[in-house]
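We have chain A already, so just place chain B on it with the hints.
If you read the sequences in order, they're chains A and B.
My numbering puts the first residue of the first sequence at 240, with every later residue one more than the last.
My numbering puts the first residue of the second sequence at 240, with every later residue one more than the last.
Accuracy of the hints is not assured; some may be wrong.
Any copy will do: because identical chains look the same in the list, a pair fits if it lies in one copy or spans two.
With a straight-line cut-off of 27 Å between C-alpha atoms, the simulated DSS-like cross-links for lysine-lysine are [said to hold, decoys possible]: (1) Lys-258 x Lys-637; (2) Lys-510 x Lys-615; (3) Lys-571 x Lys-533; (4) Lys-637 x Lys-510; (5) Lys-342 x Lys-245; (6) Lys-245 x Lys-510.
Derived by calculation from the structure, the hints in this document are not laboratory data.
Keep in mind that this is a model prediction, so the values were computed, not measured.
There are 2 protein chains.
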Amino acid sequence: MAEMDKVNFGNLFIQSEMKTDRVWTTVRALTPEIEGKYVWVRARAQTTRKQGNKLCFLELRQDLATVQAVAFGPEIAGFAGNLPDESVVDVYAKVAIPQEKIKACTQLDVELAVEKVFCIGRAASLPLALKDAARNEAECDADPSLVRVGQDVRLDNRVIDLRTVAHQGIFRIQSGVCALFREFLSQNGFQEIHTPKLIGGASEGGADVFRVDYFGGNAFLAQSPQLYKQMALMTDMPRVFEIGPIFRSEKSFTHRHMTEFTGLDLEMTFKDHYHEVLEILDGLFNHIFEGLNKRYSVEIDAIRQQYGFEDLKWKYPCLRLTFKEAIQLLRKRGPGILEQRLGAAKSDYEKGIISAHLQSVKGHDDEDDISTEDEKLLGVIIREDYGEELYIIDKFPKDVRPFYTMADPTDPKWTNAYDVFLRGEEITSGAQRIHDPKMLADKAQSMGIDVSTIQPYVDAFKYGSYPHAGAGIGMERVVMLFLNLPNIRKTSMFPRDPKRLTP
Amino acid sequence: MAEMDKVNFGNLFIQSEMKTDRVWTTVRALTPEIEGKYVWVRARAQTTRKQGNKLCFLELRQDLATVQAVAFGPEIAGFAGNLPDESVVDVYAKVAIPQEKIKACTQLDVELAVEKVFCIGRAASLPLALKDAARNEAECDADPSLVRVGQDVRLDNRVIDLRTVAHQGIFRIQSGVCALFREFLSQNGFQEIHTPKLIGGASEGGADVFRVDYFGGNAFLAQSPQLYKQMALMTDMPRVFEIGPIFRSEKSFTHRHMTEFTGLDLEMTFKDHYHEVLEILDGLFNHIFEGLNKRYSVEIDAIRQQYGFEDLKWKYPCLRLTFKEAIQLLRKRGPGILEQRLGAAKSDYEKGIISAHLQSVKGHDDEDDISTEDEKLLGVIIREDYGEELYIIDKFPKDVRPFYTMADPTDPKWTNAYDVFLRGEEITSGAQRIHDPKMLADKAQSMGIDVSTIQPYVDAFKYGSYPHAGAGIGMERVVMLFLNLPNIRKTSMFPRDPKRLTP
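Isolated chain A (complex conformation) (with noise of 0.2 Å):
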């Protein structure tokens, strides 16, 4: 690296061999202010072009800023010419103010005069342009002749696509996401814990479990914290949150579904009442929501100039329906809103299936499970009715949640379970728990597993328990519904389906 004050230009192998003093400037603080003065830079130069023999203009990207700068002379200009897009660059130049703003770069009103260029990571032919990664949606619905990157090209080369502004911001505000869960969750007397992920018993009824080889026997990939959770809380830990991977061995090639995600969850024992809970829950999104739009207005506005989408509209404290008065407002409303779709379907294919979603609409009984077709639509009326897209429904029927759920006190058909929608889609499912050992055990042999597997957990609940409750969070899909995403897969960095491990 000693040939830095020798020569002007040149590939350098970063091994570590020397320390040196050069002064290091961010792309975004390149301003008309230090004008004259003299920066060292480190960017992709994320495209270069020669002008004649002697000239070359190259932009240079650096987080979410970019740059103009000018290489003079036939030798440096000939090296920097020659840089395929991507490659990392040193670059030694002085700030200068342009004749006209650069329009092309976020920096506009100033330009580097470049002195040095060293090629420190140089970059194979690009698999994917990242302007067509980058490319807005809209215009390439509007534009056929657009290249349009599919989402399978996009996670073959996921190193590239995430170089993408919006999808740099995608990740901030997944980042984002956590650190205001544990913000609020620790202001409010919560411990994180981790538990394990490796579990003797396929824990909550065996389906939809991977099997580990586990030195000649079987372990299981825990499907959520729940059950560990629950334990913490009885060994006087009174509120506990987790964030860690949920494993689901589920066939679904949905686009909300994966077999590997980002569990958000909390549990909390309460005194009275297990909607101490829920009050938990919604300061809790209201954080999250409040605080992205507070923190990260830049991340959502370049995430928006790609995927264009409308502010979440929720209120705070949030709308709360019982499940009953749910169901009673999709068959009210549901029907009039199915009826004009029909009108304006152009298929027949597109008729039969309104048709047939608006046949059981109609019929839907109080305490049948609600289909993710009948949540989108009861999305759709909530936003029209009341104005919001954060809502919770409270009070589901029985037969829907599982065997540890604690029946209502009052009707035992329902449950003190609840699920909290964004934008139509579920996020979160919760309830308080059954916190009687014979209790818990009798409901789970009702409903056919096997107790001896799930013992310990049983046991946790004798030695004197509390009530409480809890609920888990997909942390990928609050991601994706508080941006309107089309897809869960573009919320995960490296995200895992049937038929995806890599990369």
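For chain B alone, coordinates are given in the frame of chain A:
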């Protein structure tokens, strides 16, 4: 629950039947200042003691605090006296000042004159007594007639074992380590990521990896987020961290190995030299240990009561040695210490072990790998010579590091790799990584790795790469060694080893 107004004692099953306006007081808040006030307290009745027909003393425990409660009257004292230890109770009582201090309780200046007591979670008879589980280790050593609860009995009854104040303290420290880790890294521009635990290839050589049934094919459990956190950097996130489970299929039964543990991982691009990462690590550990001492003194004292340990000795910046210097120090100072031990050894067996170690220390080559016993001896030497128990060993020999480790630029016998040690045990391993795709593939191949199994990883560096380095920290080891605990299982809520998958 309406009977709460009508009766003064009984069992209550809280099914969220009603919301009451009871105002709750914590046990910690029961002080002489509120003498005469009526309070509601929910706590465990950790012991009850009846005196005559009309009097019952209860020791109530909540959090790390205890208080004495007195029930007076034949019926209520009878009910209270029959409560099994560890039952959860709601007590309504008047705060009174006792004639003598209650030495057995943390709230020694007050007691509760019970008006009402309801059992909301009745305990069965306990498989181990809390007072045995909480007994000071030195006391057990001194008096063999005392019950000592073995590690397996503790783990089999983990929900009770975790109720001791020392164990509650350990898991608050654990929660603190994670919070301090994130706090420091967030302040230093790191972004949180979540990488997949289900991976397509047995990434790091294939040994010690768990196999998973994946829809008729195979998946493997990630042994670290190593490859993925590096790939994240190549997507233009300059600094990333992750807290998540690590899976190792090692048939080890030592005090410091588990098959699942929590990894605190970080990875960052650097400008000139990987020592930029060492500076981050040094600052990070200083932040964690300083933060623990400052924020968790109550917990540290509680743990010390049971496990007696000396405060960690460290300096900031911490001591750094090269591997070669460390080995030279070991050869120079090790034999004297071992000879002293040999003189004090009580059995031939012990003498044999020390003699063998002595021989190997004397003949330890500069580039030979360092054994666990060597590491511990070096820890003793460094504490004696420098008064420090936290130090970094840099420049490991190439044969003991993974394929993706960058070689030292001046001598390929050595690498740009380092470990961090705490009280003579490794808590962190890290290195500069190879960021040139060809060098990386060649190195993998030369170490017998089938490059096709890691192709997406190698490809991540093809499209413009940054020099980078990072580290993986074993969270439970940090907790164990900070508190000088004898076994890593004490720092994992539900530990996993080749023989334990429950509870």
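Each hint, compared with the structure:
1. Lys-258 x Lys-637: between (66 Å within a copy, 22 Å between copies)
2. Lys-510 x Lys-615: Answer is neither: 34 Å inside a copy and 49 Å across each miss the 27 Å cutoff.
3. Lys-571 x Lys-533: Cα proximity of Lys-571 and Lys-533: none, with 38 Å in one copy and 59 Å across.
4. Lys-637 x Lys-510: within (23 Å within a copy, 59 Å between copies)
5. Lys-342 x Lys-245: neither (35 Å within a copy, 78 Å between copies)
6. Lys-245 x Lys-510: Between. Shortest inter-copy distance 19 Å satisfies the 27 Å Cα cut-off; intra-copy 74 Å does not.
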